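Each protein sequence line maps, in turn, to chains Y and W.
If you read the first sequence in the working numbering, its first letter stands for residue 452, the second for the next number, and so on.
If you read the second sequence in the working numbering, its first letter stands for residue 7, the second for the next number, and so on.
Worth flagging that the hints you see were computed from the coordinates, not collected in a lab.
If you're wondering where the values come from, they're calculated on a predicted model, not measured in any experiment.
Hints are supplied without guarantee of correctness; some may be wrong.
[Claimed, not checked] Here are the computed distance ranges between Cβ atoms for each label pair: (1) Y:H616 / W:A664: 51 to 57 angstroms; (2) Y:K549 / W:R448: 35 to 41 angstroms; (3) W:A664 / Y:E579: 51 to 57 angstroms; (4) W:Q96 / Y:E769: 43 to 49 angstroms; (5) W:G166 / Y:E809: 30 to 36 angstroms; (6) Y:K549 / W:N471: 38 to 44 angstroms; (7) W:K83 / Y:E809: 50 to 56 angstroms; (8) W:P122 / Y:P695: 55 to 61 angstroms.
Positions of the beta carbon are idealized from the N, C-alpha and C atoms, including for glycine.
The primary structure of each chain is shown beneath.
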Amino acid sequence: MQATTTGNLPNSANITLTKQVKLVLEDGTEIQGKSFGAFTSAAGEVVFSTAMTGYPENLTDPSFKGQILVLTYPMVGNYGVPGEELYEYVSKVFESDKIHISGLVINYYSEEHSHWNSAKSLGDWLAEYNIPGIYDVDTRLLTKKLREKGAMLGKIVAADDIEMHDPNQDNLVDAVSIPEVQRYGTGKHKIVLVDCGTKSNIIRCLLQRDVELIRVPWDYDFNSIDYDGLFLSNGPGDPKTCEPTISHLKTAYGTEKPIFGICLGNQLMGLAAGGDTFKLKYGHRSHNQPVLLSGTKQCYITSQNHGFALDTKGLPEEWEMLFENLNDGTCEGIKHKSKPFFSVQFHPEAAGGPEDTEFLFDQFLDLVEKHKAEQGS
Amino acid sequence: MNKPNKVLVLGSGALKIGEAGEFDYSGSQALKALKEEGIRTILINPNIATVQTSDDIADDVYFLPVTPYFVERVIQKEKPDGIFVAFGGQTALNCAVALYRDGIFEKYGVKVLGTPVQSIIDTEDRDIFKAKLDQIGVLTARSEAVTSIEDALAAGNRIGFPLIIRSAFALGGLGSGFAYNEDELRALAAKAFSTSDQILVEESLKGWKEVEYEVVRDAFDNCITVCNMENFDPIGIHTGESIVVAPSQTLSNREYHKLRSIGIKTIRHLGIVGECNIQYALDPHSEEYRVIEVNARLSRSSALASKATGYPLAFVAAKLSLGYSLAELKNSVTQTTSAYFEPALDYLVVKLPRWDLGKFSGVQRQIGSAMKSVGEVMAIGKSFEEAIQKGLRMLDTGKRGFVGNETEQLDNDTIDHLLSEPNEERIFAINLAFEAGYDIERVHELTRIDRWFLQRLYSIYELSNQLGEKRNNGGLDALDTETLREAKKMGFSDQQLAVKLLGQGDVKTNELTVRARRKALGVLPVVKQIDTLAAEFPAQTNYLYTTYHGTENDLEPETDKSVVVLGSGVYRIGSSVEFDWCGVNAVQTVAEEGYKSIIINYNPETVSTDYDVSDRLYFEELSYERVMDILEFEDPTGVILSTGGQIPNNLATRLEQAQVPILGTAAAQIDEAENRHKFSSIMDELGIAQPRWNELTTMEAIYDFVKEVNFPVLIRPSYVLSGAAMNVVSNPQELEEYLKLAVAVSAEYPVVVSEFIQEAKEIELDAVADKGDIVSYAISEHVEFAGVHSGDATMYYPPQRVYVGTVRKLKVIAEKIAKRFQISGPFNIQFLEKNGEIRVIECNLRASRSFPFVSKVSGNNLIKKATKVLLGLHVERDASELVYDLPFVGVKASQFSFTRLQGADPVLRVDMTSTGEVGCLGDTAEEALLKSLLSVGYRIPKKSVLISSGPIISKVALLGAARLLVQNDYTLYATHGTHLFFTENGVPSTLVYWPDELQEPNALTYLRERKIDLVINIPKNLTKGELDNDYKIRRTAVDFNIPLITNARLAKAFIKAFCTLKMEDLSIKSWKEFKAQAVSVEA
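Pulled out of the complex, with its shape left as it was, chain Y reads as follows (with noise of 0.2 angstroms):
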């Protein structure tokens, strides 16, 4: 086991010698602070979230790419970062194998740390990704700026200034997808599992239902494959841009199959069926989401990481609303009325997170045991 890092003092001279960076908005707000983890600059989308654990979760989720992070929660870095261990060729600990989010931005940074599996500091491990941290922030301050007027673009600009970036007009999904088809597990149900940035506690959790995984690229036609199960998985941007997940989808509804997707899968699901998508003004983005399951008194406190949502408005019939947001009443998750198909905005997979509505991977491949019962009859 390894030792907790902490013995070697002192910190203070951060008083002193700590470079400074600023956060710059397009709004034109330019925000002084404090550097750690890289001293270099980056542009993104600046957004926030409310979570109050589970930093290394969330900075590898690959739905923060290209967004700039801030976190509400003050004091940061406390345990510090785990090392790497592996689970069936995923990391245990880490939602991807890196880093996504462009920058981080926080009010206190906890250069020492002190836990039982942690390896190293999070500037340590920011720099490692050459990702720069912002430190000595009223992220109070930011966070009210960007409910009221909504995710803006902005930079951390550190020696030399750089130019904003709307992360969105690129083919995220593209750059955090896999290149190539990976399997894992030789469980009984054979699971498609559509990588558009999937965490990695998605395949864990699949892992551990006895299934054997089929882990495809975001536009790979999943049709050829004769799988018993579909997932679509989280991912970051605008989910317009994932034309030919969508259109592979849309065959896939000709089957009776059972479909789950998570979050952008959610929003993929949404759009193959006839519904549309539109950007939230600040999304969601925490660890207590409090969603209702449609027509009971069944309430789930829910992880969630995503700026944009489904309009159930165009929805066709034989769709319906699965869960609605408690707070702001929006779309949560859907189910087709007859097919095996549903999807739900939030995480079930958690990590970070409330594990509440982890039963949803059981009701899936439960799903996936009846239809293939009924072939089978």
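Since chain Y is already given, all that's left is putting chain W on it; use the hints.
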């Protein structure tokens, strides 16, 4: 939803260690929730000083003991259809379990709302609890009961070392200890088997992290965790004794959510509806955990979690108990989002316990698995450093924060000991350790406190050193803005900076210099809101704190005319819920009169820190610095200092110097009343008598003064080693004995010696004056003669044995004092009366402890009147005299918590030791007295009473009562002198020997065998032998939970009451019924 029509709510009674103000908060919220539903509410709670027992909170109140007997009688009479048992702490819970087991709820058709009683029982019984958790694979600490050393070894090897060994049936942790290997286990087991036939071999979790979650569940199985908390002090120290931080700081996402999921699973399995708390031990080296316990009710932690997050747990729990689902309720902060959510914090809070162990002679100061603290504070900040330094100041123990305190030099052995065997000073010992060159690793080894917390403290220590170096290097003027801001972010106060940068000197003057410089450099705190969602949604919240981690205020200053009310701060012995009642009433009056109300307070166990009580709540320090920061920001019309006890009162002079618009009596007058010398000369000038006193600096002077006034005298050294800061001594031996406790008698540490008048009545006047004229007053009388602190004394209101002539004289004196000090607002005077002669002991130009008691008994709210005066409104002189015609009597009695304080001598003295109080009403003085004593834990003895009647004066005093006992068929046991005296006077008693006589029948044996139902022990004198003997009897009585009285007058009154009244004679009358009999004092 099938809503009940009438609900009975059980309160928690008097404040005691382990059960304090938090239940006033939770009960008040529950009542508010019921009221909103149009449900009729009946509250049983003898704690008359609480907010929940005020007018218009419950529909009616019974000031009666929360015991099965009285609750059943109230149910019988009121016929409620539902009952709330989860809002009154362990007292209410225990009472409910007893009533449930006796089938009372079923008998009267009362539905227990919320968590079913069976679920409560499942959580309270260790074995059932473990079994229930086993069913769902949730882990609890492994433990086995064994009856031989061999079995102990086998069990030990099964469980794994280290282990904790406990005797199964020993009091106070006797025979317990830690074993790290077989040899140690063998030795410990052998020892434990000498006192017990069975021992428990349990896995030791010492040093594991202690983590708690507050869990809410509705009847539809929706379940959330509102807040988690991490203890700074690892397992081994009771969570009530720990520094606690919310949310957790050192848990990874996996750990956080693993424990969260287990909590939800457990609470669902137990079937809790409403709110509860689950505590875990978490291995600091893996993700291993154990569930320690579940509290199936609102608790201290839930009150803390409510204040920490802004989520009104008690209010929501009450609604869920009525059958609402979480999704149907709104987040009361945002008013738009759902109550089904988990708050996201963009700050952190640190809770610190406040101890008052110095008040108790003989008490064990070590802190551990039993709770000893009497209050707590909560500090809010955006870094741990900022919050903990705020919190250390809030404790009001004279500390300036983590650093910059006056400290003693300690050797390393002492430091090691303080770190590994902590007492209440441990946090400061950490700083001493750093100063002595210990590194974080070493401190961690000794304390097992997580290195992250230690690192944060080390940063404070380091910055403090850097600042210290600047003292001879340009000092304050050379301090750059950047470093100053950094220091403020780390929670340094201006006073700490003054000490570091300018040296000791006059700290208060230096503080002003730092303040001026800081403001000139533009280093100011910002005001931030607590909105439960970390700014994700807009919220009109008025729940505020200040921080230096920020550049923008969340809101603008109040522009309407506004009044700031300073709260009472941390609860400690001598100041608790009564001042919260005063503050809340002041705020309500301020609002009624059309002002915006602003509260500053930092105590999480209060109602005044509920954000819906005022227009703005600053959850902040009551220090000069922070109060000024807020006043300069808000620029209010006026500030009220006189309703929060001594903390705000002490700020008067400095605030006035800063031109703060203080409402009421001028600061100079307050100072004249507070300063012993000034006050004395004013009394002389007015021709008002006082007991003679002098402040002396040499032994000779003390003897000379005693010659002048004669023994007994009251002595008050300014510095003592431990316990009993004040005492009465009757002869030269006692005087010498007592002064040995004082560290020194010198010019620096003078001793105040006062004439002590024996057998004098103590009478108090609580009043309101307007520019020197009294407009309302209340006079109350102590049951005990002077010599018992007024906070410990039992009190009659209206007075029962005070002559009309005496009252007239008191009023004349009070009027003179009010005029001389030009009092505007509340005040209190304490008098002595003997043979018609009246002396003034002291005068407080602020509300006193007894304001809620007299206000509620008379129906004349003195705080309301005082506040109107403070606001400059005309208040008619009322007819307070009419109170003498009240057809009922109120008695206030004190609650002691000696059982919790191992070793403490449970005796009433001139220094206050009670932790709480009750006030009950009766048609006669005896009835009220009996109800109130039953409310603070006394029981009517069944058949036997042990009497040691002390000095001759109290022997005589008790003779009649002893005779009465015999007439009522009680068996009297008496120690030697008392036995002789009783025999001589024809009162039969059985002799029992003193503890040191080592002869049977011995008093201690009879106590241990529970042959005695009541102990009356009047301390005789201060000689060593007497002290030991009496102490042993008193302590054993307390340890075996046998009622104890140490004052002859109180004993007499109690005996008379229970010999003339039976339980059935005690009327079950509500407050409204009593009030209906009363006359109004309004002019």
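Are H616 (chain Y) and A664 (chain W) spaced within 51 to 57 angstroms by their CB atoms? About 52 angstroms separates the Cβ atoms of H616 (chain Y) and A664 (chain W), which means 51 to 57 angstroms holds.
If I claimed the Cβ atoms of K549 (chain Y) and N471 (chain W) lie 38 to 44 angstroms apart, would that claim hold in this structure? 41 angstroms, holds
Is 51 to 57 angstroms respected by the C-beta to C-beta distance linking A664 (chain W) and E579 (chain Y)? 53 angstroms, holds
With 43 to 49 angstroms as the target window, see if Q96 (chain W) and E769 (chain Y) comply at their CB atoms. Cβ of Q96 (chain W) to Cβ of E769 (chain Y): about 57 angstroms, so the range 43 to 49 angstroms is violated.
K83 (chain W) and E809 (chain Y), beta-carbon distance inside 50 to 56 angstroms? Holds, since K83 (chain W) and E809 (chain Y) (Cβ atoms, about 52 angstroms apart) stay within the stated range.
Okay, P122 (chain W) versus P695 (chain Y) on CB: inside 55 to 61 angstroms? 56 angstroms, holds
Just to be sure I understand the hint, the distance between the Cβ atoms of G166 (chain W) and E809 (chain Y) should be within 30 to 36 angstroms; is that true here? Roughly 31 angstroms apart at Cβ, these two residues keep to the hinted range, so it holds.
K549 (chain Y) paired with R448 (chain W), Cβ distance criterion 35 to 41 angstroms: About 38 angstroms separates the Cβ atoms of K549 (chain Y) and R448 (chain W), which means 35 to 41 angstroms holds.
In terms of the numbered hints stated before, the structure departs from hint 4 and from no other.
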